[in-house]
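Enquirer: One letter stands for each residue in the lines below.
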Amino acid sequence: MKNERYEMRFAGSGGQGVILASVILAEAAVIAGLRTVQSQAYGPEARGGVSKAETILSREEIWYSKVTRPDFLLALTQASLEAYTKTLAKGAVVMMDDSLDRPAGLDGTRVIAIPILHTAKEVVGKSFTANIVAVGAINAALGLFDDESLVEAVRRHIPAGTEEINRKALDAGAALISEEQAAAFAQKLG
Amino acid sequence: MSKTVLMQGNEAAVEGAIAAGMRFFAGYPITPSTEIAETCALRLPQEGGKFIQMEDEISSIAAVLGASAAGMKAMTATSGPGFSLMQENLGYGAMAEIPCVIVDVQRSGPSTGLPTSPSQGDYMQARWGTHGDHPVIALSPASVLETYTLMIRAFNLAEKYRTPVIFLMDEIVGHMREGVELPDPGKLIINQRKMSFHDGANKQCYFVPEGEYVPAMKPFGQGERYNITGLAHDESGFPVNSSEIAGRLVKRLLDKVEKNTDHICRVEEIEMDDAETAIVCFGGTTRAARDAVNAARAVGKKVGMFRPVTVWPFPEKQLRARLPQLKRILVVEHNHGQMLLEVQRCVGGALPVGFLGRIDGTVISPRDILARLGEMEGMHHAE
Amino acid sequence: MPSDLVHLYMRIDHLPQIWCPGCGNGVIMRDVAVAIDELIHDEENSINREDIVIVSGIGCSSRAAGYLDFNSIHTTHGRAIAFASGIKMANPKLHVIVLTGDGDCSAIGGNHLIHAARRNLGLTVVCFNNDIYGMTGGQYSPTTPHGDRATTAPYGNVDRPFDIANLASGAGASFSARGDVYHARETIDIIKQAILHKGFSLVDVYSICPTYYGRKNKKGDAVEMLKWQKENLVPTARYYSMSEGERANKKLIGILSFNDYPEYTEEYARIIALCRKAKKK
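Chains as they are written, first to last, in the numbering used here: chain A, 2 to 191; chain G, 37 to 419; chain B, 12 to 292.
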């Protein structure tokens with residue numbers, strides 16, 4: 002890992018499952034033997050409103066549990082994209098749904114704009130799998146975990162009987178990332 | 037694959053309680069403690085235990101006290117507004133000497149406040165929330181693993197001293213997930229309350245031998261027929277109007293904690309051996325303080341962290357022992373200055389005591405602490 | 012000389028009790044003791060004395076817990092049913108009997124009453140209903156009739172009263188009944204049935220308070236107040252033989268609602284068994 006502490010932020014609206022995406026990546030980190038702290042902030046709404054989750058990865062003990070300068074941002078709504086691009090770390094990677102407008106001033110070379118919501122609905126066939134599509138895309142782009150760890154992490158957080166559709170979502174997410182992107186954004190986990 | 041599992045603070049509270057023998061939970065949903073009730077509803081019947089969702093927080097703690105009087109290790113969990121509602125019966129538990137654990141996952145107040153945002157504003161409520169002079173033991177964890185291990189200690193203290201123990205969590209730790217490797221259940225030390233072994237009616241169930249502080253009685257319905265009341269009572273458990281007996285009772289209740297602070301009070305000290313500046317903090321605030329200490333040490337500053345793990349009674353003996361080496365103290369907490377008052381009381385003007393607090397529901401960062409430390413040092417050098 | 016009943020089931024050291032001369036509470040406490048005694052000696056339905064737990068709240072009625080020689084717990088105002096719920100959940104074989112008053116159980120504790128009734132948790136609640144707050148000196152309670160006087164209703168009570176037995180029925184109590192001080196034998200039998208009933212049971216027992224309610228409302232002395240009960244409260248058989256016209260302004264002494272809904276702790280035991288079975292698999 003380039004940094005001692007790799008800070009990831011996941012933002013969207015309530016119900017899009019960004020908290021679960023954050024939890025699954027933390028779970029994968031545990032399986033892979035990394036240190037991790039996961040937390041979230043949310044409003045009173047179960048659906049709608051702003052939802053923000055954070056996962057911190059490190060080889061060292063992690064104390065402060067909040068993200069201050071994210072190295073990675075996933076944004077699924079325009080509002081969250083605009084709110085959180087202001088505090089990015091230098092060289093941060095931003096993954097955004099391609100239905101959103103890229104804010105002025107956001108360096109295009111570090112942006113991965115992909116059809117996460119569309120893929121969940123039309124390719125996987127279920128809108129609610131958008132967060133798993135995102136997890137697949139994130140891991141393909143950043144190369145954080147091996148496939149086995151990620152699939153196991155997903156399995157631990159989904160209802161029994163939904164393994165197949167979630168596997169499909171993971172793969173569909175990974176397929177959104179080009180080889181060039183994977184090479185450009187890979188994080189060295191050693 | 038390692039034995040490490042990803043666990044949320046609120047879940048760890050339940051797993052620790054189950055490991056300690058908790059088999060009864062009564063509660064009412066409230067953010068940010070609700071996962072504790074949900075996890076209990078799921079987990080307790082698997083362990084032969086029982087969960088009930090009551091109609092409010094008042095009945096929740098009442099049911100917990102009832103179940104404990106009948107012999108079960110029992111717990112409830114809530115947040116500030118519900119903790120306020122529990123206060124009368126918390127005092128009942130102290131007076132009637134019924135062990136239990138009350139979890140308060142603190143959120144921003146006052147009133148309904150910011151329900152999903154962190155705070156440590158219930159520190160003084162934990163001590164003085166119920167009316168009258170009463171003993172209080174309160175513990176506050178700083179990590180998911182510590183939530184598990186400290187919860188076991190909370191039950192052990194409740195059982196040993198026959199008194200409610202407050203488990204003072206905050207949203208930071210309650211809603212945080214970390215990878216944890218839980219200790220081997222076979223290696224845990226689990227205490228049970230003292231029980232008398234005489235049968236029959238109306239024995240002196242609240243009798244305490246000279247030099248001891250805690251009575252022994254059988255659980256309700258197991259043959260030793262006695263009376264429990266929240267009124268001032270004598271050793272037989274019956275109400276009295278005698279000022280002498282009432283005074284002696286309350287003194288014993290207070291003494292049972294005050295005379296055992298060496299056993300009850302625990303602190304965590306980080307980089308304190310040569311520290312000239314001590315950051316005093318507790319619970320979730322510790323996370324930022326640890327990073328601040330590391331950052332200060334990295335540039336050669338002699339900064340340490342002093343963290344009460346037992347937050348009530350305040351570990352004043354341990355803090356006083358550090359005063360001669362210190363030049364200043366910075367108290368950091370997510371409130372407007374509550375533990376600060378305890379620190380000031382102990383320091384008594386011997387050192388400058390600075391404060392960094394937060395009451396807007398946001399989390400204090402290591403950078404905030406370092407900035408405040410810088411200000412304090414600047415003031416000190418100017419003197 | 013105290014009777015055998017008193018010797019057997021009351022804590023002689025703590026008598027005489029604090030209730031006023033003429034108060035109905037002593038009669039109701041005796042009814043409870045007789046009901047328990049008869050059940051202990053009932054060959055068919057014998058219950059064990061050590062399995063009885065008396066739970067009370069705060070108020071005149073609630074002092075009864077201290078006088079009765081069983082496992083007894085005198086809790087906080089209004090919360091007796093909630094404490095009792097925990098005791099019953101912890102040890103379902105116990106007969107948990109709540110002794111409470113009209114204020115304790117239907118004002119400050121009203122929420123716990125309706126929810127325990129709804130859950131059908133196997134408690135027996137005996138309400139000593141004297142239409143007034145006696146311990147604090149005669150303030151109106153949720154059962155004080157409209158227009159009656161109390162220290163906090165100096166111009167007559169504006170509130171409309173609860174009928175506690177009907178309230179419990181409405182909340183889903185699987186056993187709800189009414190007793191009184193005058194009809195002691197009938198009331199004892201009702202309390203016995205309530206204790207034997209598997210689910211939640213409530214017996215609203217009309218007491219008399221000559222000191223506060225009686226005096227404030229010119230109801231006469233204890234004898235006059237008992238006479239009123241004799242004339243206006245009617246045991247089951249006679250009540251149902253009366254015409255509708257005759258029943259006007261009269262109240263039934265007997266069982267108002269009865270059914271065999273599943274009891275809460277038995278339902279919960281089923282869940283534990285289910286989880287255990289799943290664990291073994």
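In short, the hints are calculated from the structure, not lab data.
Note that the structure is predicted; figures quoted are calculated from it, not measured.
Certain hints may be false.
Covered, in the sense of this in silico footprint (three residues per stretch, anywhere, with C-beta under 8 angstroms from a C-beta of chain G), are these stretches of chain B [stated by the list, open to error]:
id	region
1	61–70
2	119–127
3	232–238
4	276–285
Sample of chain G residues at the chain B side, in silico, Cβ under 8 angstroms [what the hints assert, rightly or not]:
id	residue
5	Pro65
6	Thr67
7	Pro81
8	Glu91
9	Ala99
10	Ala103
11	Ala106
12	Gly107
13	Ser120
14	Glu124
15	Tyr128
16	Asn263
17	Gly266
18	Ala268
19	Cys382
20	Val383
Ideal Cβ positions, reconstructed from N, Cα and C, are used throughout, including at glycine.
Enquirer: Hint compliance check: list the failing hint numbers for this structure, sorted ascending.
Expert: As far as the earlier hints go, 3, 5, 6, 13, 18, 19 and 20 are violated by this structure, in ascending order.
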